[in-house]
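A.B. asks: Letter by letter, the chains look like this.
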Amino acid sequence: MTFDVNKIRNDFPILKQKINGKPLVYFDNAATSQKPQIVIDTLRKYYEEYNSNIHRGVHFLSAKATDRYEAARNRIKEFINADKSGEIIFTKGTTEAINLVASSYGEKFLKEGDEVIISEMEHHSNIVPWQLLRDKKKIVLKIIPVSDSGEIIFEEFEKLISKKTKFVSIVHISNSLGTINPVQEMIKVAHKHKIPVLVDGAQSVPHSQIDVRYLDCDFFAFSGHKVFGPTGIGVLYGKKEFLEKMPPYQGGGDMIKNVTFEKTTYNDLPYKFEAGTPNVAGVIGMGAAIDYINFVGMGNISAYEKELLKYATEKLTQIPELRIIGTAKRKASVISFLVGNIHPYDAGIILDQLGVAVRTGVHCTQPIIDRFKIPGTVRASFSFYNTKEEIDILEYGIKKVIKMLK
Amino acid sequence: MENFTIQEIEDEIVSEFEMFTDWSDKYEYIIELGKKLPLIDEKYKTEVNKVQGCQSQVWLHSDLENGRLIFSADSDAIITKGLIGLLIRVLSNQKPADVANAKLDFIEKIGMKEHLSSTRANGLVSMINHMRRIAQKEANKN
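Residue numbers (this note's numbering), protein chains in the order written: chain A, 1 to 406; chain B, 1 to 142.
Worth flagging that the hints you see were computed from the coordinates, not collected in a lab. Glycine is no exception: its CB is placed at the ideal position from the N, C-alpha and C atoms. Heads up, a few of these hints could be off.
[Said to hold, decoys possible] Interface residues of chain A toward chain B, partial, derived using beta-carbon atoms under 8 Å:
{"id": "1", "residue": "A31"}
{"id": "2", "residue": "N294"}
{"id": "3", "residue": "H343"}
{"id": "4", "residue": "D346"}
{"id": "5", "residue": "G376"}
{"id": "6", "residue": "M404"}
[Unchecked claim] In silico lysine-lysine, DSS-like type, Cα no more than 27 Å apart, as pairs:
{"id": "7", "chain 1": "A", "residue 1": "K373", "chain 2": "A", "residue 2": "K388"}
{"id": "8", "chain 1": "A", "residue 1": "K406", "chain 2": "B", "residue 2": "K137"}
{"id": "9", "chain 1": "A", "residue 1": "K22", "chain 2": "A", "residue 2": "K45"}
{"id": "10", "chain 1": "A", "residue 1": "K92", "chain 2": "A", "residue 2": "K257"}
{"id": "11", "chain 1": "B", "residue 1": "K109", "chain 2": "A", "residue 2": "K18"}
{"id": "12", "chain 1": "B", "residue 1": "K35", "chain 2": "A", "residue 2": "K373"}
{"id": "13", "chain 1": "A", "residue 1": "K406", "chain 2": "B", "residue 2": "K45"}
{"id": "14", "chain 1": "A", "residue 1": "K306", "chain 2": "A", "residue 2": "K388"}
{"id": "15", "chain 1": "A", "residue 1": "K18", "chain 2": "A", "residue 2": "K7"}
{"id": "16", "chain 1": "B", "residue 1": "K45", "chain 2": "A", "residue 2": "K16"}
{"id": "17", "chain 1": "A", "residue 1": "K400", "chain 2": "B", "residue 2": "K26"}
{"id": "18", "chain 1": "A", "residue 1": "K108", "chain 2": "A", "residue 2": "K84"}
{"id": "19", "chain 1": "A", "residue 1": "K188", "chain 2": "A", "residue 2": "K84"}
{"id": "20", "chain 1": "A", "residue 1": "K373", "chain 2": "A", "residue 2": "K18"}
{"id": "21", "chain 1": "B", "residue 1": "K35", "chain 2": "A", "residue 2": "K403"}
{"id": "22", "chain 1": "A", "residue 1": "K388", "chain 2": "A", "residue 2": "K16"}
{"id": "23", "chain 1": "B", "residue 1": "K109", "chain 2": "B", "residue 2": "K43"}
{"id": "24", "chain 1": "B", "residue 1": "K113", "chain 2": "A", "residue 2": "K22"}
{"id": "25", "chain 1": "B", "residue 1": "K109", "chain 2": "A", "residue 2": "K22"}
{"id": "26", "chain 1": "A", "residue 1": "K108", "chain 2": "A", "residue 2": "K192"}
{"id": "27", "chain 1": "B", "residue 1": "K95", "chain 2": "A", "residue 2": "K400"}
{"id": "28", "chain 1": "A", "residue 1": "K315", "chain 2": "A", "residue 2": "K77"}
{"id": "29", "chain 1": "B", "residue 1": "K36", "chain 2": "A", "residue 2": "K406"}
{"id": "30", "chain 1": "A", "residue 1": "K388", "chain 2": "A", "residue 2": "K315"}
{"id": "31", "chain 1": "B", "residue 1": "K35", "chain 2": "B", "residue 2": "K50"}
{"id": "32", "chain 1": "A", "residue 1": "K399", "chain 2": "A", "residue 2": "K18"}
{"id": "33", "chain 1": "A", "residue 1": "K373", "chain 2": "B", "residue 2": "K50"}
{"id": "34", "chain 1": "A", "residue 1": "K263", "chain 2": "A", "residue 2": "K194"}
{"id": "35", "chain 1": "B", "residue 1": "K113", "chain 2": "A", "residue 2": "K403"}
{"id": "36", "chain 1": "A", "residue 1": "K240", "chain 2": "A", "residue 2": "K257"}
{"id": "37", "chain 1": "B", "residue 1": "K103", "chain 2": "B", "residue 2": "K137"}
{"id": "38", "chain 1": "B", "residue 1": "K26", "chain 2": "A", "residue 2": "K399"}
{"id": "39", "chain 1": "A", "residue 1": "K373", "chain 2": "B", "residue 2": "K43"}
{"id": "40", "chain 1": "B", "residue 1": "K35", "chain 2": "A", "residue 2": "K406"}
Bound conformation, chain A alone (with noise of 0.2 Å):
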């Protein structure tokens, strides 16, 4: 399809809204993205026409919901290119997805004195379960510094990578700072040691083509709530030959084959990871958010979103008080500021007043904004159903808050 950002805009019911007596400007998306008519529809038909427990029922809305359940898993597959739909993992989130890998992958491969990498742009999602690995295991945790850019210094991970190098943990586009990072080259590093990589995409797959056997990474996560999909819904991909070998991480129904009181054997992949009753809806509505990008095309998104970055970059950066905290060359429609010295929870207040939602602190991201001696900063993070018309509307904004504030 040709890309026309009013149709667009129409398929979001929300940005009809005003907030404060002002049309809603929404840039924070990196927290979570709108959801398309088709989403909320997808998951209203669901409740209403074929709600059932999936995998176990004979009867017809049992199977249908299975089918529906499955045909998403699918999708999802085809959509980040994984060769096998065993190797989609469905999870609450990317946070569940990093903690199932740190606390499984770690269970069985990991053990006192080996080391994993992170970098100093982590998001706490994926640092916070490698330090409860490492406070029951005793691994190491090695941190990849950041440069001033906000770019990952390459030469340091290089240097980081040891005979104990056990796992490298990365995220693919940082949150707080936009930066795109070189996973790929990473991963090659890593390889070459025979070093498995996981990759947060969290912040990437809403933005650009994701192709995991392309990347070559081990492990892939995200959320759905960040692809235009439900929230509680998200995927770990993971090359079949960790996932087999790796424990389950949790026990209940439907991830086992067999129980009795001696011995219990655990169902396939995915099965296996997948406890309990699933976000069955999620799962749905999160299918039909993949078919939406599908339809507008990934490729139409990644390049309007790049324009819209460049038409804010050179917009904010005309105003002189205004500084931006990330200025990666590769980076995705995130823009992380600051305005002289005011506080950033002064000016995100001042902003939605005026109907712009950005989200101001530290982005879930406390190391890297401590690495930049900063209390925080305002982030705006654009979507491709945002406009043009309202980046001016954020300067004018910004313009505001200086003049309220200075």
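Put chain B on the given structure of chain A with help from the hints.
C.D. replies: Coordinates of chain B only, in the frame set by chain A:
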């Protein structure tokens, strides 16, 4: 000096805010309050006095003088600081039992309730709870 009750001061603030017809006048007033008020002695800006807030930091100190609680507080965010100024105007120099029982519905009446919507965001809710706890503790002593 005559002591106004908590309710009297709350009413006074509400009528002051009724003058503002525009959100930006209201916020400019709060920002002015935040800029003007030297709220806390630097020596009290300690880790112990820090009230946990995710986005803006708040420090709170209290003294008991002649049976009345004297609060001082500060924040690194100006709007938070301005709101603290209002809270201190209401709650400082009051009897502990009155502080503990204060409803503080003026915040909603002046249209600032959103600032209390999240306990983690700006530390204000934690600060109010902390003030109430201090007050309750003092009130229980009597």
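A.B. asks: Please go over all the hints and tell whether each is borne out by the structure.
C.D. replies: Quick rundown of the hints versus the structure:
1. A31: 14 Å, violated
2. N294: 36 Å, violated
3. H343: 4 Å, holds
4. D346: Check passed: Cβ of D346 (chain A) comes within 5 Å of chain B, closer than 8 Å.
5. G376: 6 Å, holds
6. M404: 6 Å, holds
7. A:K373 <-> A:K388: 31 Å, violated
8. A:K406 <-> B:K137: 40 Å, violated
9. A:K22 <-> A:K45: Measuring from Cα to Cα gives roughly 32 Å; hence the hint is violated.
10. A:K92 <-> A:K257: OK: K92 (chain A) and K257 (chain A) at ~23 Å, within 27 Å.
11. B:K109 <-> A:K18: 22 Å, holds
12. B:K35 <-> A:K373: 23 Å, holds
13. A:K406 <-> B:K45: Roughly 24 Å between the alpha carbons, so the hint for K406 (chain A) and K45 (chain B) holds.
14. A:K306 <-> A:K388: 12 Å, holds
15. A:K18 <-> A:K7: 19 Å, holds
16. B:K45 <-> A:K16: Given pair K45 (chain B), K16 (chain A) is violated - Cα atoms ~45 Å apart, limit 27 Å.
17. A:K400 <-> B:K26: Cα-Cα ~14 Å, so holds.
18. A:K108 <-> A:K84: Satisfied, since the Cα-Cα distance of roughly 23 Å is no more than 27 Å.
19. A:K188 <-> A:K84: Cα-Cα ~22 Å, so holds.
20. A:K373 <-> A:K18: 36 Å, violated
21. B:K35 <-> A:K403: 14 Å, holds
22. A:K388 <-> A:K16: 17 Å, holds
23. B:K109 <-> B:K43: Status violated; Cα separation ~34 Å.
24. B:K113 <-> A:K22: 19 Å, holds
25. B:K109 <-> A:K22: This hinted pair holds, its Cα atoms lying about 22 Å apart.
26. A:K108 <-> A:K192: Roughly 22 Å between the alpha carbons, so the hint for K108 (chain A) and K192 (chain A) holds.
27. B:K95 <-> A:K400: Not OK: K95 (chain B) and K400 (chain A) at ~41 Å, beyond 27 Å, violated.
28. A:K315 <-> A:K77: 39 Å, violated
29. B:K36 <-> A:K406: Holds, because 13 Å separates the two Cα atoms, which is no more than 27 Å.
30. A:K388 <-> A:K315: Status holds; Cα separation ~10 Å.
31. B:K35 <-> B:K50: 20 Å, holds
32. A:K399 <-> A:K18: Cα-Cα ~21 Å, so holds.
33. A:K373 <-> B:K50: 19 Å, holds
34. A:K263 <-> A:K194: This hinted pair is violated, its Cα atoms lying about 34 Å apart.
35. B:K113 <-> A:K403: OK: K113 (chain B) and K403 (chain A) at ~24 Å, within 27 Å.
36. A:K240 <-> A:K257: 19 Å, holds
37. B:K103 <-> B:K137: 18 Å, holds
38. B:K26 <-> A:K399: Measuring from Cα to Cα gives roughly 18 Å; hence the hint holds.
39. A:K373 <-> B:K43: Answer holds: K373 (chain A) to K43 (chain B) is near 23 Å, not above 27 Å.
40. B:K35 <-> A:K406: Holds, because 10 Å separates the two Cα atoms, which is no more than 27 Å.
Violation of the numbered hints given earlier is confined to hints 1, 2, 7, 8, 9, 16, 20, 23, 27, 28, 34; the remaining hints are satisfied by the structure.
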